[in-house]
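Q: Using the sequences and the hints given, assemble the complete structure.
Order-wise, the sequence lines are chains A and B.
Here the first sequence is numbered in the working numbering, starting from 1 and rising by one per residue.
Here the second sequence is numbered in the working numbering, starting from 1 and rising by one per residue.
These are computed hints drawn from the structure, not numbers from a lab.
Errors might be hidden in some of the hints.
[Claimed, not checked] Quick partial rundown of chain A residues pointing at chain B, CB under 7 Å, derived from the structure: (1) M54; (2) G63; (3) Y64; (4) L90; (5) G110; (6) T114.
Beta carbons are placed, not taken as given, at the ideal position from N, Cα and C, and that holds for glycine.
Listed below are the residues making up each chain.
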Amino acid sequence: DVKVTQSSRYLVKRTGEKVFLECVQDMDHENMFWYRQDPGLGLRLIYFSYDVKMKEKGDIPEGYSVSREKKERFSLILESASTNQTSMYLCASSSPPWTSGGNEQFFGPGTRLTVL
Amino acid sequence: SQQGEEDPQALSIQEGENATMNCSYKTSINNLQWYRQNSGRGLVHLILIRSNEREKHSGRLRVTLDTSKKSSSLLITASRAADTASYFCATMTSGSARQLTFGSGTQLTVLP
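A: Shown next, in the form of structure tokens:
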């Protein structure tokens, strides 16, 4: 089974702190994604990566950056956390769409981040 | 931007009844997927239907797709209390080979 793990389930940070959220997948997936989930808004894509050292902006990249130095690890960075970044953050991975089952995304359990 | 919009936002039914959730979207799609999320957890993939398919079944799940109306429905038959969760539709557009755009979800409560 595909396993996607996230470094923390719950995280509390102060405004202005630098925050790292890490995601690791064990299925050798090329694609990795970071979403945030807020009530009534569903999941919104922040950034995604389709290869090591490659990244593309999603719908709401402002205030975030990402790093993908190794295939299995995709990090989301909040350079200077703000209260409006309080949210649930979900990481996902998938294999290329031309592979069997490649369109399906596998999600981690989520990190609930609170910025005070 | 929201590609998929689910309807209703919340649904409460008795165990054993069928639950139907609808999803509408705006642009041409390659496929449409349904995911389930238990409270406070990550999403789990349920079923995928391609743009050239009209209906698909998986166990107690039945998904339909009407590309002319840009809509899909998810039917859960003989619901169980364990089906209580949020259900999201997600679309993969023809122009994107990797990204999914999620709707805001339907909260389903199945009462025992």
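Q: A separate judgement is required for each hint: does it hold in the structure or not?
A: Each hint, compared with the structure:
1. For the restraint placing M54(A) at the interface with chain B, the shortest Cβ-Cβ distance is roughly 11 Å, beyond the 7 Å limit, so the hint is violated.
2. A hinted interface residue such as G63(A) counts as satisfied when its beta carbon comes closer than 7 Å to some beta carbon of chain B; here the least separation is about 18 Å, so the hint is violated.
3. At about 16 Å, the closest approach between the beta carbon of Y64(A) and any beta carbon in chain B exceeds 7 Å, and the interface hint on this residue is violated.
4. With a least beta-carbon distance of about 6 Å to chain B, the hint placing L90(A) at the interface is held under the 7 Å criterion.
5. Hint status for G110(A): holds, given a least beta-carbon distance of 5 Å to chain B, under 7 Å.
6. Annotation: T114(A) was flagged as interfacial toward chain B, and the flag is violated, the nearest CB pair being 14 Å apart, outside 7 Å.
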